[in-house]
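Sequences and hints are given; from them, build the entire structure.
Each residue of the sequence shown is one higher than the one before, starting from 0 at the first, in numbering that gives the first Met the number 0.
Wrong hints could be hidden among the right ones.
[What the hints assert, rightly or not] Simulated pairs of lysine-lysine, DSS-like, Cα-Cα distance not exceeding 27 Å:
| hint | residue 1 | residue 2 |
| --- | --- | --- |
| 1 | K26 | K123 |
| 2 | K504 | K592 |
| 3 | K145 | K291 |
| 4 | K564 | K554 |
| 5 | K25 | K93 |
| 6 | K246 | K291 |
| 7 | K592 | K836 |
| 8 | K678 | K667 |
| 9 | K504 | K516 |
| 10 | K130 | K145 |
| 11 | K291 | K273 |
| 12 | K206 | K216 |
| 13 | K246 | K206 |
| 14 | K592 | K890 |
| 15 | K516 | K473 |
| 16 | K905 | K836 |
| 17 | K26 | K93 |
| 18 | K252 | K291 |
| 19 | K51 | K93 |
| 20 | K51 | K273 |
| 21 | K473 | K575 |
| 22 | K291 | K51 |
| 23 | K252 | K161 |
| 24 | K123 | K161 |
| 25 | K473 | K836 |
| 26 | K273 | K206 |
| 27 | K273 | K259 |
| 28 | K259 | K206 |
| 29 | K273 | K246 |
| 30 | K905 | K890 |
| 31 | K216 | K246 |
| 32 | K575 | K564 |
| 33 | K123 | K93 |
| 34 | K145 | K206 |
| 35 | K216 | K291 |
Hints were generated in silico from the structure; no laboratory data involved.
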Amino acid sequence: MARHDIDFTELLDVDALRAECRAVMKKVRPHLELRAALLPIMRRASNEGRNKARDLLNADGSGLNCARRISWIQDQIIRVLHDVVATAVHPEGKEITVAAVGGYGRATLAPGSDIDLLFLLPPKNSDEMRKAVEFLLYILWDMGFKVGHATRTVEECIRLSKTDMTIRTAILEARLICGCEILFADLENRFDREVVADTGAEFVSAKLAERDQRHQKSGDTRYLVEPNVKEGKGGLRDLHTLFWIAKYYYRVKDTAELVKLGVFSRSEIRLFEKADDFLWAVRCHMHFLTGKAEERLSFDIQRDIAAALGYHERPGLSSVERFMKHYFLVAKDVGDLTRIFCSALEEQQAKAAPGLATRVMSRFTKRLHKIPGTTDFVTDRGRITLASPDVFSRDPINIIRFFHVADINQLELHPDALKKMTRSLSLIDHSVRENEEANRLFLSILTSRREPALMLRRMNEAGVLGRFIPEFGKVVAMMQFNMYHHYTVDEHLIRSVEGLSEIDKGEVEDIHPLATKIMPGIEEREALYVAVLIHDIAKGRQEDHSIAGARIARKLCPRLGLNPKQTEIVVWLIEKHLVMSMTSQTRDLHDRKTITDFAEVVQSMDRLKLLLILTICDTRAVGPGVWNGWKGQLLRTLYYETELLLSGGFSETPRRERAQVAEEALYKALSDWSEKDRKTYSRLHYQPYLLAVSLDDQLRHAAFIRDADHAGHALATMVRTDAFRAITEITVLAPDHPRLLSIIAGACAAAGANIVDAQIFTTGDGRALDTILINREFNVDEDELRRAGTIGRMIEDVLSGKRHLPEVIATRARTRKKTKAFHIPPSVTLSNGLSNKFTVIEVECLDRTGLLADITACLADLSLDIQSARITTFGEKVIDTFYVTDLVGHKVTNENRQNGIVDRLKQVMTDQDDEAKVKASPLATPEQPARKTKASA
Numbered sequence: 000m001a002r003h004d005i006d007f008t009e010l011l012d013v014d015a016l017r018a019e020c021r022a023v024m025k026k027v028r029p030h031l032e033l034r035a036a037l038l039p040i041m042r043r044a045s046n047e048g049r050n051k052a053r054d055l056l057n058a059d060g061s062g063l064n065c066a067r068r069i070s071w072i073q074d075q076i077i078r079v080l081h082d083v084v085a086t087a088v089h090p091e092g093k094e095i096t097v098a099a100v101g102g103y104g105r106a107t108l109a110p111g112s113d114i115d116l117l118f119l120l121p122p123k124n125s126d127e128m129r130k131a132v133e134f135l136l137y138i139l140w141d142m143g144f145k146v147g148h149a150t151r152t153v154e155e156c157i158r159l160s161k162t163d164m165t166i167r168t169a170i171l172e173a174r175l176i177c178g179c180e181i182l183f184a185d186l187e188n189r190f191d192r193e194v195v196a197d198t199g200a201e202f203v204s205a206k207l208a209e210r211d212q213r214h215q216k217s218g219d220t221r222y223l224v225e226p227n228v229k230e231g232k233g234g235l236r237d238l239h240t241l242f243w244i245a246k247y248y249y250r251v252k253d254t255a256e257l258v259k260l261g262v263f264s265r266s267e268i269r270l271f272e273k274a275d276d277f278l279w280a281v282r283c284h285m286h287f288l289t290g291k292a293e294e295r296l297s298f299d300i301q302r303d304i305a306a307a308l309g310y311h312e313r314p315g316l317s318s319v320e321r322f323m324k325h326y327f328l329v330a331k332d333v334g335d336l337t338r339i340f341c342s343a344l345e346e347q348q349a350k351a352a353p354g355l356a357t358r359v360m361s362r363f364t365k366r367l368h369k370i371p372g373t374t375d376f377v378t379d380r381g382r383i384t385l386a387s388p389d390v391f392s393r394d395p396i397n398i399i400r401f402f403h404v405a406d407i408n409q410l411e412l413h414p415d416a417l418k419k420m421t422r423s424l425s426l427i428d429h430s431v432r433e434n435e436e437a438n439r440l441f442l443s444i445l446t447s448r449r450e451p452a453l454m455l456r457r458m459n460e461a462g463v464l465g466r467f468i469p470e471f472g473k474v475v476a477m478m479q480f481n482m483y484h485h486y487t488v489d490e491h492l493i494r495s496v497e498g499l500s501e502i503d504k505g506e507v508e509d510i511h512p513l514a515t516k517i518m519p520g521i522e523e524r525e526a527l528y529v530a531v532l533i534h535d536i537a538k539g540r541q542e543d544h545s546i547a548g549a550r551i552a553r554k555l556c557p558r559l560g561l562n563p564k565q566t567e568i569v570v571w572l573i574e575k576h577l578v579m580s581m582t583s584q585t586r587d588l589h590d591r592k593t594i595t596d597f598a599e600v601v602q603s604m605d606r607l608k609l610l611l612i613l614t615i616c617d618t619r620a621v622g623p624g625v626w627n628g629w630k631g632q633l634l635r636t637l638y639y640e641t642e643l644l645l646s647g648g649f650s651e652t653p654r655r656e657r658a659q660v661a662e663e664a665l666y667k668a669l670s671d672w673s674e675k676d677r678k679t680y681s682r683l684h685y686q687p688y689l690l691a692v693s694l695d696d697q698l699r700h701a702a703f704i705r706d707a708d709h710a711g712h713a714l715a716t717m718v719r720t721d722a723f724r725a726i727t728e729i730t731v732l733a734p735d736h737p738r739l740l741s742i743i744a745g746a747c748a749a750a751g752a753n754i755v756d757a758q759i760f761t762t763g764d765g766r767a768l769d770t771i772l773i774n775r776e777f778n779v780d781e782d783e784l785r786r787a788g789t790i791g792r793m794i795e796d797v798l799s800g801k802r803h804l805p806e807v808i809a810t811r812a813r814t815r816k817k818t819k820a821f822h823i824p825p826s827v828t829l830s831n832g833l834s835n836k837f838t839v840i841e842v843e844c845l846d847r848t849g850l851l852a853d854i855t856a857c858l859a860d861l862s863l864d865i866q867s868a869r870i871t872t873f874g875e876k877v878i879d880t881f882y883v884t885d886l887v888g889h890k891v892t893n894e895n896r897q898n899g900i901v902d903r904l905k906q907v908m909t910d911q912d913d914e915a916k917v918k919a920s921p922l923a924t925p926e927q928p929a930r931k932t933k934a935s936a
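As structure tokens, then:
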């Protein structure tokens, strides 16, 4: 619906509003009393008008019309207020001009947006005029509006806009609301003559640079799963930038005029309008829903916005995921329009005029050079472009070849060529997809030793990648509604290839020493690159994406030119691509059964190497901060332990003998201690400790325990940081009792520490020696040690009774980011087949503060002895694994008892009100009998 088709009168009866205000003016004279009397009238009119605009948005779904309606309502309120001021308060106010600038100047206004106003004063102005401005502003402020304002003469506007690009952009969009029309016309004419004339290139350069900086600040990707609708890449501000440039450079009032100028085709201008309308709809709904100027489309509101816009669930995709996929496709359309627009700008000969900025000169002056080995493409100042307009239509394979040549010669892409490509996507049909040369070129791009991810991203941005591999096209712009994945599926896959390329080139040896070491020996390099690119290609289907992805790979790999052996490798890698990650993060790697089970899956060293590298690339590409050194260490441990087994080096020596050797080694290492202490502290530990803990750590623990004993401390903590593994280790020595781990976990939760692993041991004299590993927070060791020390003191205070744990957990819960947008049904799996000695309990549910403390307290209530724990968080979801025995050291085999354990844990895991949870917390009664002697795998 066009603006002139909107019936604005249904929003607000302006005549009635003006009459009501005039009636008040007759009764009330003092300015302050008049303001107070007008306020409820204006506030009611604004609220009623905005409520009607919201109802109409729900009815017609047009975001642009909603923004226009709210802008119109605001215009009427300002006009009526100006009339009041000029009539009854400050008569000289009629000589000023009130103009809308910014987005409001375009006659569009979001419900919670600032109102940007320019008050124009005549050259000879008075205090009375400025007081008129103040009166109007005070009422708007009293109404609750955020008003951005400037009070200037025309001369000041012209002078400032010549040096300040922000002011220049604001005046570019200025629109008369009320007041002196002659003054506003003078501003428009002088601005056009004195500022805009002959400065088009300067403005274009500034706005594009401003856009690039804004994109960099927001992550330089339009595929963040919580995008900023206004400022993010592909958002409204990008469309506004195009409009500003069009209005400034082409001197147009409406983007539709760009069709006549040949900048956009009719279909492209319709795409522009659809994108603008959709983004405005999202933004208006966000503001109405939150009651404020919320620009970030966060998880908390995505479901509600999806419902408001009428999205429904489909097989494999929830309603919110369908909505967000549409959002990202629109953001991609905005990118396409930007490229087309920039291409049209370059075609303008006027941009070669003298005095242009260096950037603009390099952008707009054409210097064509041949590229060796091809007659279809040429370079224009380092950017590849087409030698003739029919390059793609004459041979559609040239669409793929274009990127191949760009990669080989490391060339930037000319927007003119991309514009032509965007309009030629239909040429990529079945015959192109099955063409041997096209697939050879694509595989060469994918496995390039230069920057394959850069070229793949450009292919994706241009729409080529999804056309050439339709299965990939189905995951373009697809998001997964969770806090773990930071990017859309297509962006995640391309970032995975980027990670592989960095390993391949040896650029990340400090982060991935093992992967960097084994990469040069990978024989099936092509197969690995293909597997990394398509490992998540079947996301969004009802079927398990690993199984469905393997089936897609079986068809796609031969098409890409892979032989049967390579195809089988890719199929296996995709089918098993989550196994190594899940095993390393959720299983006890010191339990031999874990290693033997995993070795049965991989079966060969070649597969183990490929799976390790794929797992690293997959994890790193999930999002910032997801990969850390601790996860790297877990993967390396699993790799080395499995390598030992596959190579026949896994020790078959009885555990008793190996423990005896370890005890003797500890005794010898304490050679500078007294004989009494050497015997006491080397014989203090049980078999599991001696087999699981390294000699270096045993020595640290021995010194720690001896120091505590000499000081007479029954309770002590020791901290150590590890920057490479990105973890901090807190070792606790305390009198043993069943709830000890629960209390330690609660103290860590209260201190905001995220536990990733726990090793639980009991000494021969009945004390607990528990080591908790938490994620590192600070890069500087001194800062991290201070933090760890604070957590250690928190643990000591809680264990000694100085602090009441439920209260500190409740305090932390109130400050923690909410995850109410997500629902994860609690799941409990109990298995006796994952370990030879222990029952393994795996719980999966929505994360919350104090969850681990509640679960471990429940396990203590159930008379279960926790031997080791692996704590894993995937965004809002936790998967915690506990290796347990009953109180006599046996597995839990009774079916009724197993069912009881599952039921009790599910009850604890169900998210409850924090206050109710505090009152019911089992941690409120810390007095417990001593726990059973512990062992750890």
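Here is what the structure says about each hint:
no., hint, verdict
1, K26 <-> K123, "violated, 33 Å"
2, K504 <-> K592, "violated, 36 Å"
3, K145 <-> K291, "holds, 11 Å"
4, K564 <-> K554, "holds, 14 Å"
5, K25 <-> K93, "holds, 19 Å"
6, K246 <-> K291, "violated, 30 Å"
7, K592 <-> K836, "holds, 9 Å"
8, K678 <-> K667, "holds, 10 Å"
9, K504 <-> K516, "holds, 11 Å"
10, K130 <-> K145, "holds, 19 Å"
11, K291 <-> K273, "holds, 25 Å"
12, K206 <-> K216, "holds, 15 Å"
13, K246 <-> K206, "holds, 12 Å"
14, K592 <-> K890, "holds, 15 Å"
15, K516 <-> K473, "violated, 35 Å"
16, K905 <-> K836, "holds, 24 Å"
17, K26 <-> K93, "holds, 22 Å"
18, K252 <-> K291, "violated, 30 Å"
19, K51 <-> K93, "violated, 31 Å"
20, K51 <-> K273, "holds, 23 Å"
21, K473 <-> K575, "holds, 22 Å"
22, K291 <-> K51, "holds, 18 Å"
23, K252 <-> K161, "holds, 21 Å"
24, K123 <-> K161, "holds, 22 Å"
25, K473 <-> K836, "violated, 46 Å"
26, K273 <-> K206, "holds, 23 Å"
27, K273 <-> K259, "holds, 19 Å"
28, K259 <-> K206, "holds, 24 Å"
29, K273 <-> K246, "holds, 19 Å"
30, K905 <-> K890, "holds, 20 Å"
31, K216 <-> K246, "holds, 26 Å"
32, K575 <-> K564, "holds, 17 Å"
33, K123 <-> K93, "holds, 14 Å"
34, K145 <-> K206, "holds, 25 Å"
35, K216 <-> K291, "holds, 23 Å"
Hints 1, 2, 6, 15, 18, 19, 25, counting from the list given before, are not met by this structure.
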